[in-house]
Amino acid sequence: MTQTTPLSYTLVITGAPYTSQAPQSALAFARALFEAGHRLDSVFLYGNGVYLASCLATPPGDELNWTQAWSEFLMETRTPAVACIASALRRGILDSAEQTRYEQPASNIAEPFEMAGLGDWVEATVSSSRILYFLPTD
Amino acid sequence: MNTLIVIDSLPYGDWRGREALDMAFSLAAFDRPVTLLFRGAGVNWLRPGQAADQLHQKSVERNLAAATIFGVSTLIADKAALRQYRLPSDQLPEAACETDLTPAFYQQFDSVVAL
Amino acid sequence: MPTLHIINKAPDHPRFSACLEALAEDDSLVLIENAVAALVFGELPLPTCYALHQDVQARALSQSAEPAVKMIDYSGLVALTETHQRVVNW
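Protein chains in written order, with numbering that gives the first Met the number 0: chain U, 0 to 137; chain S, 0 to 114; chain F, 0 to 89.
Read the hints as simulated data drawn from the structure, not as lab findings. Every residue, glycine too, gets a C-beta built ideally from N, C-alpha and C. Possibly wrong hints are sitting among the right ones.
What follows is a list of derived Cβ distance ranges for each label pair [said to hold, decoys possible]:
(1) R77/U x S74/F: 36 to 42 Å
(2) Q98/U x M0/S: 32 to 38 Å
(3) A68/U x A51/S: 48 to 54 Å
(4) M0/S x G75/F: 24 to 30 Å
(5) R100/U x D52/S: 24 to 30 Å
(6) L79/F x F29/S: 28 to 34 Å
(7) A68/U x A78/F: 21 to 27 Å
(8) E93/S x S126/U: 32 to 38 Å
(9) E93/S x E71/U: 49 to 55 Å
(10) Y17/U x G75/F: 44 to 50 Å
For reference, chain U alone in the conformation it holds in the complex (with noise of 0.2 Å):
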């Protein structure tokens, strides 16, 4: 084991899950983060990304539900996440605040997600030490 003085990353997913492979190979980084005993910043969905924070996914009982699996860690691991707030009304994510604001019948954010902009990605990109973006493949 080499010991080397632990970074904070941010990791920023732009492709959606079931369209990409990005949230995974993510959530894989992500963990192989953690055991080599760094810190995890914060992560930030972006465009198709937001697609992660909806709780109305609802993959084959056979296929793994990957906004499941990425709030689970995110709980466990204490780690911020939050959804782009322009990219996530545009795409039908919304939170309760926003839902009373736009007037609209439901919110439908995972846990632990939060809604933010993009201060905050400019934020990410001047506090951490290391910022790695998951993008779509096409």
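Got chain U; can you put chains S and F on it based on the hints?
Structure of chains S and F alone, referenced to chain U:
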């Protein structure tokens, strides 16, 4: 922290470029230096005379015209792609310049983001 | 400053050639997801690089790996991000 935001897909066919542009505008709003690169098919963002209303979309040409006002300092076009897509230099927006994409070009930036 | 380039696009995707053009001599390249198909994509002069073992195995490409390609797992990928201050995702 100088960031390069890359747009490499055509406008209107998907939202990737628009969302990349939003990232550039956000950096600029927080006074972070940001440069936009139009690479490959992305150079078509720079074509004059777009009629996005035909598709009930907002014109990215108009968005780009606002880029320098919002503090996105430089628009850079992939020189080889301009030729490939038959886009003459004199038709580019005033703020745009052309470049060859070499390792040295990318190394000028602390971070490079392409969605 | 050497850069770590991580690519997930198939070798015939325009992003792939753009990535190879951006690669400086002391940079490192990692193939993940669809990019591992570069191991068998004939016309491509692939530089010395790494490939993510899980993605290679899932796509049944492990027999085809050239000696110039080093197999790594996620902990290997994390280790590469430790030693490279600059990471570019393609």
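Outcome of the hint check:
Range check, R77/U to S74/F: about 22 Å between beta-carbon atoms, so the 36 to 42 Å window is missed. The hint said 32 to 38 Å for the Cβ distance between Q98/U and M0/S, and at roughly 36 Å that hint holds. As the Cβ distance of A68/U to A51/S is approximately 39 Å, the hint placing it in 48 to 54 Å is violated. In this structure the hint that M0/S and G75/F lie 24 to 30 Å apart at CB holds, the actual value being about 28 Å.
Restraint check, R100/U to D52/S: a C-beta distance of roughly 28 Å satisfies the suggested window 24 to 30 Å. At about 29 Å, the beta-carbon gap between L79/F and F29/S stays in the expected band of 28 to 34 Å. Under the hint 21 to 27 Å, the C-beta atoms of A68/U and A78/F, about 24 Å apart, fit the expected range. Restraint check, E93/S to S126/U: a C-beta distance of roughly 36 Å satisfies the suggested window 32 to 38 Å.
Restraint check, E93/S to E71/U: a C-beta distance of roughly 52 Å satisfies the suggested window 49 to 55 Å. Between Y17/U and G75/F the CB atoms are about 27 Å apart, so this pair departs from the stated range of 44 to 50 Å.
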